[in-house]
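Protein sequence lines correspond, in order, to chains C and A.
Under the working numbering, the residue at position 173 of the first sequence is numbered 173, and the numbers go up by one with no gaps.
Offset between the second sequence (1-based) and the working numbering: plus 571.
No lab work stands behind these hints, which were simulated from the structure alone.
Given the structure is predicted, the values throughout are model-derived calculations rather than measurements.
C-beta atoms are modelled at their ideal positions from N, C-alpha and C, and glycine is treated no differently.
Incorrect hints may have been included.
Unchecked claim - Taking CB as the label site, the calculated pair distances span:
| id | chain 1 | residue 1 | chain 2 | residue 2 | range |
| --- | --- | --- | --- | --- | --- |
| 1 | C | T218 | A | Q665 | 23 to 33 Å |
| 2 | C | G183 | A | P631 | 31 to 41 Å |
| 3 | C | H155 | A | H613 | 19 to 29 Å |
| 4 | C | T180 | A | N614 | 14 to 24 Å |
| 5 | A | E610 | C | H155 | 16 to 26 Å |
| 6 | C | L154 | A | Q665 | 27 to 37 Å |
| 7 | C | W223 | A | E633 | 42 to 52 Å |
| 8 | C | D142 | A | S620 | 18 to 28 Å |
| 9 | A | P631 | C | T218 | 16 to 26 Å |
| 10 | A | Q665 | C | G125 | 36 to 46 Å |
| 11 | A | N614 | C | G183 | 15 to 25 Å |
| 12 | A | Q665 | C | W223 | 27 to 37 Å |
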Amino acid sequence: MRLFATAPAGAPLRAPELVEAHPPGDRSAEDRLSDARSSDARFSDARFSDDKPADDRRHLGGRPPGLLHSAGFRFAMVYAVLLALSAAALALYLWWATAGLLDRQTEAAIRADVQGLSERWDEGGLPALVLTIRERLEQNVDDDAIYLLVDPTLHPLAGNLHAWPSPVQRADVLYELSVTRAGAPALAQVQRYDLPGGYHLLIGRDVQARAKLRTLLTDALLWGLIVVGVMALAGAFIVRSLFRRTLANVSATAAAISAGDFSRRVRVSGRGDEFDQLAETINDMLDRIGRLMEGVRAVSNAIAHDLRTPITRARARLEDAALHAMTLDELHGAIERATDDLDGIVAVFQALMRISEIETGSRRVAFTTVDLAPVLADVAELYEPLAEENGLRLVLDLPSSSSASPAASPAASPAASQSASQPVPQSAPQSAPQSAPQSANPLAGPTDSLAANPPAKLLTRGDPEMLRQAVTNLIDNAVKFSPPGGEVRLSAAAGPAGVEIRVADQGPGIPPEDRVRATERFFRGEAARNTPGSGLGLALVQAVAHLHGGTLRLDDAAPGLHATISLPFGG
Amino acid sequence: MDLCVLRTFGLGLLLVSFLLISSAGGDSMPAVVTTDTPEYCHNLFVRISDAIHAATTPPPVEVVSLSTEGERMCNDGLTRGGILRLRRALMILQQQTTSP
Numbered sequence: 001m002r003l004f005a006t007a008p009a010g011a012p013l014r015a016p017e018l019v020e021a022h023p024p025g026d027r028s029a030e031d032r033l034s035d036a037r038s039s040d041a042r043f044s045d046a047r048f049s050d051d052k053p054a055d056d057r058r059h060l061g062g063r064p065p066g067l068l069h070s071a072g073f074r075f076a077m078v079y080a081v082l083l084a085l086s087a088a089a090l091a092l093y094l095w096w097a098t099a100g101l102l103d104r105q106t107e108a109a110i111r112a113d114v115q116g117l118s119e120r121w122d123e124g125g126l127p128a129l130v131l132t133i134r135e136r137l138e139q140n141v142d143d144d145a146i147y148l149l150v151d152p153t154l155h156p157l158a159g160n161l162h163a164w165p166s167p168v169q170r171a172d173v174l175y176e177l178s179v180t181r182a183g184a185p186a187l188a189q190v191q192r193y194d195l196p197g198g199y200h201l202l203i204g205r206d207v208q209a210r211a212k213l214r215t216l217l218t219d220a221l222l223w224g225l226i227v228v229g230v231m232a233l234a235g236a237f238i239v240r241s242l243f244r245r246t247l248a249n250v251s252a253t254a255a256a257i258s259a260g261d262f263s264r265r266v267r268v269s270g271r272g273d274e275f276d277q278l279a280e281t282i283n284d285m286l287d288r289i290g291r292l293m294e295g296v297r298a299v300s301n302a303i304a305h306d307l308r309t310p311i312t313r314a315r316a317r318l319e320d321a322a323l324h325a326m327t328l329d330e331l332h333g334a335i336e337r338a339t340d341d342l343d344g345i346v347a348v349f350q351a352l353m354r355i356s357e358i359e360t361g362s363r364r365v366a367f368t369t370v371d372l373a374p375v376l377a378d379v380a381e382l383y384e385p386l387a388e389e390n391g392l393r394l395v396l397d398l399p400s401s402s403s404a405s406p407a408a409s410p411a412a413s414p415a416a417s418q419s420a421s422q423p424v425p426q427s428a429p430q431s432a433p434q435s436a437p438q439s440a441n442p443l444a445g446p447t448d449s450l451a452a453n454p455p456a457k458l459l460t461r462g463d464p465e466m467l468r469q470a471v472t473n474l475i476d477n478a479v480k481f482s483p484p485g486g487e488v489r490l491s492a493a494a495g496p497a498g499v500e501i502r503v504a505d506q507g508p509g510i511p512p513e514d515r516v517r518a519t520e521r522f523f524r525g526e527a528a529r530n531t532p533g534s535g536l537g538l539a540l541v542q543a544v545a546h547l548h549g550g551t552l553r554l555d556d557a558a559p560g561l562h563a564t565i566s567l568p569f570g571g
Numbered sequence: 572m573d574l575c576v577l578r579t580f581g582l583g584l585l586l587v588s589f590l591l592i593s594s595a596g597g598d599s600m601p602a603v604v605t606t607d608t609p610e611y612c613h614n615l616f617v618r619i620s621d622a623i624h625a626a627t628t629p630p631p632v633e634v635v636s637l638s639t640e641g642e643r644m645c646n647d648g649l650t651r652g653g654i655l656r657l658r659r660a661l662m663i664l665q666q667q668t669t670s671p
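Here chain C stands alone, though its shape is the one from the complex:
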């Protein structure tokens, strides 16, 4: 809490001394200030300073990660594993389609033999089976058949094996059997079948040639897998190198920007691939950040520039009063004028905070269905005296409910709606209303005629107070800049895409080159230099329009300005 110390009685008035008073239990303001300072300091340290955190960031950014923690290594390993798995799957399929096929062919041949010999056994018994085996051996051009028919004592009766092989003990099991053919070792696949009467039959095929082929296939596939493994590792190394090289581009740019060079951008290769898209996105982001930083800088400069004048003025008044005021009334007058200046500063800050609040969108949760017609009528009624005081004619132009379809309907056409123009009485006789088509009394205010002929509803969804503030700002500007005897027209209509609110004046307007910047905070055109204001009005209007999903458009009215707020339908 700050208090002025009272001057001693009889002493000349001098500059009041600021006294710090801290009543017990009332340190909240100072505490909050201290907290804000410390918070600012923390924010500054964490975001913008080049102290330890930034050093840590640079340190982490410059040190390459360990191999196991490297994303490039992980990608490379994924590539290698996937390639190896694919090659293994292909090898398995080739094995199944070649060596497996040979095995299946052998089993099929044995099954066919069993079928034929079984039929012969059924037809002619043992003699027929012996004869059939002999004939099949004689006709075995492929030279791969193996038969052996033995009696219950395992004595050979027919076939081409000299004795029953001891490993073959169980029936219906395919055995791999080593045999000797013409003195050379060979491999056979045989199967045992038990016949009635204790006879046993062994049927098989010589698979030595197939075994050699299978060995060749196995060797080829294994060598192929080894080659694929080597290629997978080489490919993984290449993938990792490409990955690191691509990321190095982004990383170098980020490091340069982190070090303060905000002009750096990620290099675009021109191939138009995903990395180029990423680079372009990052560059767009950096451009936007740059524009935002420039905007913040401009706003900061504008705040400093616009607030310096009233603060300096207030200080000069207080200093002048402290040095030269001879009476208490003069001192009070100076203080009041300084207070007015400071109130203006407070108003600027409040406007800035309100714009920021609107831009965050937090007020959107309180949106409701709003009929704009009464809102506009209220604003017109509010500004009616001010317009009259400035010698202006304020006209409210709303579609009437008697002739127009429901204005909130998207199908409603503004051309089809009949206007209910309501002029505000003019103070100047020469500018008395000449075109008041539906006003029974030319001196009646807008609300008088509106009560007789109520306007159609103009429904949108939003915050009525904010919409009222936006329209108020436009009307205030129009009244402020229009010359005496002119007309300010506030109109609204339902367009194809929504509701349009238009404020038209006959002032100097805004030059085309300034219209784009007219909605920036603190922007003031040349024509507005000598007019009171802070340059925040149109910025707030645009923020409100954007919050409601609408737009603010500024057009030349030749002469004057057309400011149009377009809002989507609601209801």
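Based on the hints, put chain A in the right spot on chain C.
Chain A only, in chain C's frame:
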């Protein structure tokens, strides 16, 4: 003590290996295929000769050449090749006798 344990373990391992090799060798005595022998080759040649003599028509030239070549190869020690040719000759003869 450790050395003693290691020695015992090594000897046990050698003994088990020897037993395994011995048992494997005993079970894997290869069976001998009897249709790769000169005797079988001779039997096939005799069977072809009997079939030719029993036939009412002279044998095809291919049968004669195959049987002659097969016998010569068997006599030269090329038993499996000779048997293969004799089997082909026998098949041709049987096809001739079964065909109308």
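Status of the hints after comparison with the structure:
1. T218/C to Q665/A: 23 to 33 Å: violated (40 Å)
2. G183/C to P631/A: 31 to 41 Å: At roughly 34 Å between Cβ atoms, P631/A and G183/C fall inside 31 to 41 Å, so the hint holds.
3. H155/C to H613/A: 19 to 29 Å: holds (24 Å)
4. T180/C to N614/A: 14 to 24 Å: Holds: the Cβ-Cβ distance is about 19 Å, inside 14 to 24 Å.
5. E610/A to H155/C: 16 to 26 Å: holds (19 Å)
6. L154/C to Q665/A: 27 to 37 Å: holds (32 Å)
7. W223/C to E633/A: 42 to 52 Å: This hint holds: roughly 45 Å between Cβ atoms.
8. D142/C to S620/A: 18 to 28 Å: Given about 24 Å between the Cβ atoms, the range holds.
9. P631/A to T218/C: 16 to 26 Å: About 44 Å separates the Cβ atoms of P631/A and T218/C, which means 16 to 26 Å is violated.
10. Q665/A to G125/C: 36 to 46 Å: With a Cβ separation near 23 Å, Q665/A and G125/C fall outside 36 to 46 Å, so the hint is violated.
11. N614/A to G183/C: 15 to 25 Å: holds (19 Å)
12. Q665/A to W223/C: 27 to 37 Å: Once the Cβ atoms are compared, 47 Å apart, the range 27 to 37 Å for W223/C and Q665/A is violated.
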